[in-house]
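K.L.:
For the record, the sequence lines run as chains A, B, C and D. So the first sequence is numbered by full-length UniProt numbering: it starts at 1 and just counts up by one. So the second sequence is numbered by full-length UniProt numbering: it starts at 1 and just counts up by one. So the third sequence is numbered by full-length UniProt numbering: it starts at 1 and just counts up by one. So the fourth sequence is numbered by full-length UniProt numbering: it starts at 1 and just counts up by one.
Honestly, the hints are just simulated from the structure, not real lab data. Some clues are possibly wrong.
[Claimed, not checked] Simulated DEER-style distance windows between Cβ atoms: (1) B:Glu41 - D:Lys114: 21 to 29 Å; (2) C:Thr116 - A:Phe60: 47 to 55 Å; (3) B:Gly135 - C:Thr83: 54 to 62 Å.
[Said to hold, decoys possible] Computed footprint of chain D on chain B; a stretch qualifies when at least three of its residues, placed anywhere within it, have a C-beta under 8 Å from a C-beta of chain D: (4) 35 to 43; (5) 163 to 170.
Keep in mind that this is a model prediction, so the values were computed, not measured. Just so it is clear, CB atoms sit at the ideal spot from N, CA and C, and this is done for glycine as well.
There are 4 protein chains.
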Amino acid sequence: MNKITLLISCKDTEGIIASVTRFIYKKSGNIIYIDQHVDMEHGVFFMRLESQFSGTAGSFKDFKNEFGRQIAQEYGMSWEIHTEDPKPKMAIFVSRYDHCLYDLLGRYNSGELKVTIPFIISNHKDLEPVAASFGIPFYHIPVTASNKAEAEQEQLRLLREAKIDFIVLARYMQIVSGELISQYPHKIINIHHSFLPAFPGAKPYHSAFKRGVKIIGATSHYVTEELDAGPIIEQDITRVTHAHAIEDLVMKGRDLEKIVLARAVKLHISRKVMAHNNKTIVFS
Amino acid sequence: MNKITLLISCKDTEGIIASVTRFIYKKSGNIIYIDQHVDMEHGVFFMRLESQFSGTAGSFKDFKNEFGRQIAQEYGMSWEIHTEDPKPKMAIFVSRYDHCLYDLLGRYNSGELKVTIPFIISNHKDLEPVAASFGIPFYHIPVTASNKAEAEQEQLRLLREAKIDFIVLARYMQIVSGELISQYPHKIINIHHSFLPAFPGAKPYHSAFKRGVKIIGATSHYVTEELDAGPIIEQDITRVTHAHAIEDLVMKGRDLEKIVLARAVKLHISRKVMAHNNKTIVFS
Amino acid sequence: MNKITLLISCKDTEGIIASVTRFIYKKSGNIIYIDQHVDMEHGVFFMRLESQFSGTAGSFKDFKNEFGRQIAQEYGMSWEIHTEDPKPKMAIFVSRYDHCLYDLLGRYNSGELKVTIPFIISNHKDLEPVAASFGIPFYHIPVTASNKAEAEQEQLRLLREAKIDFIVLARYMQIVSGELISQYPHKIINIHHSFLPAFPGAKPYHSAFKRGVKIIGATSHYVTEELDAGPIIEQDITRVTHAHAIEDLVMKGRDLEKIVLARAVKLHISRKVMAHNNKTIVFS
Amino acid sequence: MNKITLLISCKDTEGIIASVTRFIYKKSGNIIYIDQHVDMEHGVFFMRLESQFSGTAGSFKDFKNEFGRQIAQEYGMSWEIHTEDPKPKMAIFVSRYDHCLYDLLGRYNSGELKVTIPFIISNHKDLEPVAASFGIPFYHIPVTASNKAEAEQEQLRLLREAKIDFIVLARYMQIVSGELISQYPHKIINIHHSFLPAFPGAKPYHSAFKRGVKIIGATSHYVTEELDAGPIIEQDITRVTHAHAIEDLVMKGRDLEKIVLARAVKLHISRKVMAHNNKTIVFS
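Turn these sequences into a full structure, and let the hints guide you.
P.N.:
Below you can see the structure in the form of structure tokens.
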């Protein structure tokens, strides 16, 4: 056990930080990051903590057991604890647009994304060569009105078999089903090509053009049952003018989409996002 | 006649720029700014041009007459021509918030806003001392459910008597009536405290907080009959996090509101905004 | 004792957070904010913590004494502890530009800046009416080559008598002396009208224009002996183009300057800035 | 001849726009874009104009000849005229970093960059597979202290033979020689990983970290003899905090670098950049 990341949420009360940090200290841990947030409205406490341990620290399993018994139970915590190994397993879903895929794979290749990518799934064959050039398995699962249910069962089977931890919809142009969502709660990251809640649904650049906005945006969020209404992880914007045609918005938007999605994916990988009440706490 | 600013719109066709610039040249004008835009969807041409004239140029009146007869008529133009004098007359409407008012008056004081400000109207007395400290007349016209119509007649009378050119709603917390809007079409500038079209109407910071957005915005637009749906002149945004309470959004929003409103007012004063089809062309 | 803000720095070692939070807990404190930073290069630990106390908590004086003896001494801490009362005393120095002054006083007036402002000092009389309109004493202390030393003694006397906590140079166009700086270490906040370290010294907008940059900036920093080289608190930027003349840069820069300075002042007031090794830690 | 883009610079005088637009009109051209700039300091006029022509327009060769004789000569213009075919030929120079290369090739692949890429040159072999995956020839030309002159002759030969129009240094970690620069004046685009003129030269992220800036930037510029001092085409920035280590700056910087370089390359390809007096005019 070298380094752990601990995520906690529970009813807000006095002494939580003292108890947790004392526990870590007694285990010879050196806290290198601590941040907390209190949702005043609902009286909920959230904390993220990173700690390093010297070689003499006990096993990770013992640590978890003791933390559960001595601390988590006392405060009624929901909690997660992560080590750096193994790396999380990330599946990517794409359709035909390649900009987000190239961007993610480029970052993966350079070591920026600390994940493994067991496969890419697409409802089209177009991006198979991109996957191949990065040496990543590619599954073509066409989705039509008539085969939607089977296609999804096939997706679920692949996800299950590879023990996928989370899914990135890198401009995947299909609405994912409730079953998939319920099996990966706050574990499916989508990129929507507008500044939500403005312009949800289809063709946001067309709507932005029509409304004459001076700024367009992109939003990365966890997928929930309601379309484009899940907890927002990250957003960014860029300026446009009357001189930009819809195609210009689409082109400028691509740069936003890939950057915003990458930021959200990196936050998720580093366990910096906690979802609660359809909002996120994003620790810095 | 030293300098003119010419705004034109008409059906797009060949030769417009050549005709207009040749006319200016023959009048010994030196074009120091020209920009144009074609709305491809509707086939409409827009142009903004600034020209300087040497001392020997004829009168402004003759220039206008000839331009109307020789050029504007041929192309069926809608057009406006402005000199630098007299400065436009700007009325400010406020309620209780002072940040936009201080910002506008500070700019006016420093010579940044090339206008005269005949008066400030408010439905509350709170900001009278601010008006007084800048030496600007202040009219307190309370607005209630029962006196709304008379209050507006009083506003209209003041606007008419002072020959007001345009109105700035500097966080004026009342909905202005259709009559006022129809008398000042694309001449009433509002600041809305959200990134429209997200969160129109009341309490946008509350809605932004509830939705958990990571960016908040402000939007300055011309007022039209439909609430918060008029042509957008300028927008800007700032980042927020889960740690910001509603009051923090309000405070951060104030900085956005005053800057965005000031930019929109300056664009309007320098005749850089043309409204068309509920959108704006904002020349740079 | 209702609420305290505690700032700590010391050699990094295990157990600091546990010790401090346990101390707070035993004093019946509820920690509502904790953030820390470790300067890995130099092995220094920094922490900022806010805690609320119930009515039964002991006196602030006892708390301080015990913290000093039981905790601070053990870890060899440099530390500060602040309550919300009394508010810090802020002096403003200005010359002739009024935009930063109006902005600061507007925020002060609206309750956004939790300070008292005992006086404004200027080497010119121009802004006396602005001070008067906000009801703040104004001292005109002219500075010339021959009277520089006496002028500064006069400034120091006023600062001392009013027990000023920190000084804001709101576009004060004079270089302050080493004596003043040494008496207010990391307590004099300046706004420099460039994106430091680009364009230090005089006339940065002229230099930016000459270099043809596409973005201009403003930088707020603590004043140190070396000109425009102190620890940076906050920076921001805005885009410019070839079409902007120097006067346009100056005008656009004004909006940057006032916003950036206000942000830095607010960070300082809320004790969110720690300076170290000519850099700042700015807690969020 | 379907569409032309015309770039002009000459001494500022009256009538230029009228003469040029009239010439276009007589050739049955429909101007779809016109923008101009006057460098007031030096009295120089710049114009960029796009015009479409109907099928009955004469040959491009005749157009050029007549424009040269009838217009350009009269005003003593420097001028360029471009059609959309053939596409410009762009060479890319890289070393070991792949993020800018992936980004450029992804855009090229998707049709966003309207160029041909005859080859990629590198002083290292690392990125050969990337070039291969996009089907672009890759020349490995090692550069050492002893072979620098020959290496450059080899580069020049390849550039000449392929009739390269412009060169993109996509994080090419070598200083290019005066000979190369003089043969491609304002035709070599570099990306520098700082907000110039801050932190020119080597290791800007290290310098930014040391100075404690709150914003880092990237700058794309034309290469001139003086290192990192050529005309700036585009810049952008991102915020950083005390919590970012040098490696974080490097990682955040990568996103800036690729976006800023891509924007500069696109501006150059669409002939929107004119260089003059070591600055650029960048038409919108």
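K.L.:
If a hint holds in the structure, say so; if it doesn't, say that too.
P.N.:
Here is what the structure says about each hint:
A hinted range of 21 to 29 Å holds for the C-beta pair glutamate 41 (chain B) and lysine 114 (chain D), which are about 24 Å apart. In this structure the hint that threonine 116 (chain C) and phenylalanine 60 (chain A) lie 47 to 55 Å apart at CB holds, the actual value being about 54 Å. The hinted range of 54 to 62 Å is not satisfied by glycine 135 (chain B) and threonine 83 (chain C), whose Cβ atoms lie roughly 42 Å apart. Here the segment 35 to 43 of chain B counts 3 residues with a CB under 8 Å from a CB of chain D, which clears the bar of 3, and the coverage holds.
Interface restraint, the segment 163 to 170 of chain B with chain D: violated (0 residues with C-beta to C-beta distance below 8 Å; minimum three).
Hints 3 and 5 from the earlier list are contradicted by this structure; the remaining hints agree with it.
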